[in-house]
Amino acid sequence: MAKGVHRFAVLVACATFFLIIAGANVTSHDAGLAVPDWPLSFGRLFPKMVGNVFWEHGHRMIATAVGLLTIVLAIYLQMRERRRWVKRLGWIALAGVIAQGLLGGLTVKMNLPLAVSAAHATLAQLFFLTTVSIAVFTSPRWIAATPIANDRGEGVSIRSLSVVALIVILAQLVLGATLRHSATWDQDLPTGLLLAHIGGAICVTLILGATVSIALMRYRAEKYIARPAMIAAALLFVQLGLGVAAYITRTASPFDPQPMTPMVAVTVAHVACGALVFASAIVLTLRTFRVVYAEQNNYVLAAA
Amino acid sequence: MLSKNTKLWVSLIALISLLSLASSCSKGGGDEESAGDAGGKAYTAKGNEGSISGVVSYAGAVPEAKKIDTSADAACTSKSPNLTTEDWVVKDGKLANTYVYIKDGTLADNSKIGDYSFPTPTAAATLDQNGCHYKPHVLGVMVNQPITITNSDPTTHNIHFTPKNNPDWNQSQPNGAAPLTHKLARAEVLVPVKCNQHPWMKSYVGVTKHPFFAVTAEDGSFTIKGVPPGKYTVVAWHEGGANGTEKTMQVTVPASGAVKADFSFGASALGQPSSLQMLEAIEFPMLSKH
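Protein sequence lines, in the order shown, are assigned to chains Z and B.
Counting in the working numbering, the first sequence runs from 1 upward without gaps.
Counting in the working numbering, the second sequence runs from 1 upward without gaps.
These aren't lab readings, by the way, just hints derived from the structure by calculation.
Here a beta-carbon is modelled for each residue, glycine too, at the ideal position from N, C-alpha and C.
Treat the hints with caution; some may be incorrect.
Stated by the list, open to error - Derived SDA-like pairs (lysine to any residue); straight-line CA-CA distance at most 25 Å:
hint	chain 1	residue 1	chain 2	residue 2
1	B	66	Z	186
2	Z	48	B	180
3	B	66	Z	248
4	B	225	B	180
Said to hold, decoys possible - Pairwise CB distance ranges, derived in the manner of DEER restraints:
hint	chain 1	residue 1	chain 2	residue 2	range
5	B	62	Z	65	44 to 54 Å
6	B	65	Z	21	25 to 35 Å
7	B	61	Z	191	24 to 34 Å
8	Z	261	B	63	19 to 29 Å
9	Z	42	B	82	23 to 33 Å
10	Z	252	B	61	38 to 48 Å
11	B	47	Z	43	46 to 56 Å
12	B	175	Z	199	46 to 56 Å
Chain B extracted, bound-state conformation (with noise of 0.2 Å):
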């Protein structure tokens, strides 16, 4: 028979061989390269691709941005002594920073555009550290695109995706390192990206199947182009509050034509989902409303 002591280490060692494994296990790391969604029969394209353009604007006070406290890192109030909130950044009543892409939608022959499969990119989408904040702020990818992540301050980020339905990814990227590379395997709209080291730094990265999907500029202005002529769902998406907030409209694509999709964000649509305000900022030519 062992001896109590001889129970408790053999114990011990179980528990630290447990854990070990279950380390060994963790969800986090590498770039896993699964089929993720990037499947369906390919698209090609036929000439007669269409696009769609729009105006994101905001309606009413502008919630102001906040100063952000950066003393907790010299380098920060160094680089960046002015910083502030970039959720809701207004100018002349326009909004940028919206992600807007088509959610789903039937292409003029009856398929889905979810059966289809489009190229991915092999150009890399770039993430910059720049003055402890990210740029771009909102970024748009396709599946398996690649990401470089660069810092370009003089101290360390951790760079940390926190999707839902891709593995959770933390990086640390101290200042002078070469550049991180990042795929996210599957569509999710949106994935935020945080610095634990500094938690002000946030930013958000959608990813879809197909690359119909485009972020306002400072102008509001967004253009999403080569869309197939169909009927689609399109989508207006801008952080605020916990969850964000979405407007969705329908749109038709006319073949080798142009539609126009313009969106109203307003203060009392504050963290609350809610299609209600856009109605107003439907143009011509909508074929329907939702």
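Excised from the complex, chain Z in its bound form (with noise of 0.2 Å):
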């Protein structure tokens, strides 16, 4: 399969998460109203971008970017790819992008709705999830990727642990989209949700430390699975340090005049951390399940 296929998946990877970090400051700078109408902006394409216009269209205008790439990324899988479920793939990921679309919409339309706020806030997330899965999928070193050891008999499941560690992230992202739509700028944060939200981190680092403990500890030598164990390591500690400042901030801003630059600053680089602790944890259960084999199972390499 043609380079091409997964060098633009990557590209679509990195475009999501550039929408993520526009979003993220749509809702840090309480954006998200600054355009009333949908799917133009004033009834135009392209309003003057003043204010907090610059946020809301400059997301939505990235949006429509990365749908179109999606659209493209699609029909290159169509044509290119030869396995079927990532062709699949590709269609599910411009379901998804649609559906999102639809979702940011909604939001304008119904003026930020709690649940459908956090819908479209985790929508993101399980979109990012299927376009960094895309990106593995059609690497070079993933169909080229031989089994290197056997999951079983080895104490704890790494392939049982990567996912629980993964379903416990997206749950903390979710409960993170939650808390953040649930008061603008100037408002407490809830206190429920909140505890909440710390709850999560503590079990996210718990389960996602002691897959990369274990991950390292049986397959230090293979960079195919430590190199992203230990980047989802790293981002987990420096999503720890940014989670206390966001808290920080965010607990000084509601006596601020308008949303400040550090408070913006230090909550969206916690929710683009938090996106690349996901992806990071995406790409470490994807490549576990690739090499690490379980042994009832009838292992059988994809094809090239």
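Combine the two chains into a complex, taking the hints into account.
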């Protein structure tokens, strides 16, 4: 398979990450309703980018670009990819980005109801999961990979543990998104959700920490596993620090005259780093499933 | 049987239809003139109504107004180069922009004030966007009283009412656009109003079933007229922090008389509801303190 598909899939994943950052900026600047209409902005394709219109309309423009890139990716996969399930994943990504665009429109039309806004932020992470997965599945290393170890008989299953870590991280991202959309910059964060998010951070640290530790203990020599494990650990460390900083700046925010740069920068960095922790966990999980086989399964290498 | 591709398209169309349906059921939008809180037996003036007046002061070091960074919109910088926060406007120890209203109470005949309805003014209250801030900063209206919203700035604003008891309302208003009109059908103290394009812009609208409310002037003074004789709970609300601060006082309005109700806010009460500081400020003729 052509390297071009993989490179394009990486581009789409990177663009999606950039889109998550743009979306986080919209929330932190309280710009979600700066443009009250949708899909056009003030009835135009390109309005004057003043005030918070810059963030809201900028987010829409980047989302449009990601949507177009996803269409191209789906067609590219359809034409050049031989594995049917990967082709299907391309179409699932396209369905996801369309649904995400509609949810974004719905948040505007309904004046940011919490459920829809949180769903919009959650689907963003699921779409990111899909694009990162496509990038992994189309990589030459994935196609050429060979089994290195049996997951059975070595104590805790690294395959199971990595999946649990992935689910816990996703749950934590959903909690974080709900927390962020529960209160604007000038309101106090709801205590219950805040405590749940802190509890989630502890769970992620324990489970992802255990996953990374076991992965490194067993497969330190295998860069294919060790590298994403170490990146996940480093990102988790940074993310915990950003979480504390985001809490401190956000707590002071209701007394500020407007969303201040330190609060916005730290909070957006926290959202972005959360997405990167998720991405590294996705890569670790997929690669683990690729090269660490389970004895009872009839492990067959996917056709290159 | 449908092919897989057909199933995919059918699913997509179903999803779009569902979202469109949900969109059409959105809570935002027009002025919903439901029955709201306007009910009750009509109050008939007896000619012996009194008044509540007072001064709201600020004790202690006044929080400094914070400079607002308007650089995101050159039109705002040009028109209001020195814009500052308006949450604590204090002059000679007197506090402006405090919303004072009768929360509840009993008339001389033991009927509740909340059981009565009062005629809604047909004259609209005005909320102007001028210099990238709202004038007035705090506004009081009755339920279903029209609020006329004007834009005197050379830029576009969006006027966004974010109530808890009334429908959310968000409208764009370009410079030179015709005034918008909005009504709030349910009593709510207070409804925050903001502009999502210029996030420093804030205003508060108090909505009551009765006309017994006032907003303090620059000298901290207020007067509530036409109050039926009776015992009332009067509340002074001032913004600041995440939730604002409330002071409560019990007053008795004599027939054809006036009662004085002075309130005091202070630095130690920032962001926390408290009635402790008010005790020293209560002046005769208060029958009870709270």
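Status of the hints after comparison with the structure:
Restraint check for residue 66 of chain B and residue 186 of chain Z: satisfied, since their Cα atoms lie roughly 15 Å apart, inside the 25 Å limit. Straight-line distance between C-alpha atoms of residue 48 of chain Z and residue 180 of chain B comes to about 22 Å, which keeps the hinted pair within the 25 Å bound. Taking the CA atoms of residue 66 of chain B and residue 248 of chain Z, the gap is about 20 Å. The hint holds against a cut of 25 Å. A threshold of 25 Å between alpha carbons decides the hint, and for residue 225 of chain B with residue 180 of chain B the separation of about 29 Å lies outside it, so the pair is violated.
A C-beta distance of roughly 49 Å is found between residue 62 of chain B and residue 65 of chain Z, which places it inside the suggested range of 44 to 54 Å. Distance hint for residue 65 of chain B and residue 21 of chain Z: a CB-CB separation of about 33 Å, consistent with the stated range 25 to 35 Å. The hinted window of 24 to 34 Å between residue 61 of chain B and residue 191 of chain Z holds, with their beta carbons roughly 30 Å apart. Remark: the range hint 19 to 29 Å for residue 261 of chain Z to residue 63 of chain B is upheld by a beta-carbon distance near 21 Å.
At roughly 29 Å, the beta carbons of residue 42 of chain Z and residue 82 of chain B sit within the given window of 23 to 33 Å. For residue 252 of chain Z and residue 61 of chain B, the Cβ-Cβ distance of about 19 Å falls outside the hinted range of 38 to 48 Å, so the restraint is violated. The hint said 46 to 56 Å for the Cβ distance between residue 47 of chain B and residue 43 of chain Z, and at roughly 55 Å that hint holds. The supplied range of 46 to 56 Å is met by residue 175 of chain B and residue 199 of chain Z, whose beta-carbon atoms lie about 48 Å from each other.
Hints 4 and 10 from the earlier list are contradicted by this structure; the remaining hints agree with it.
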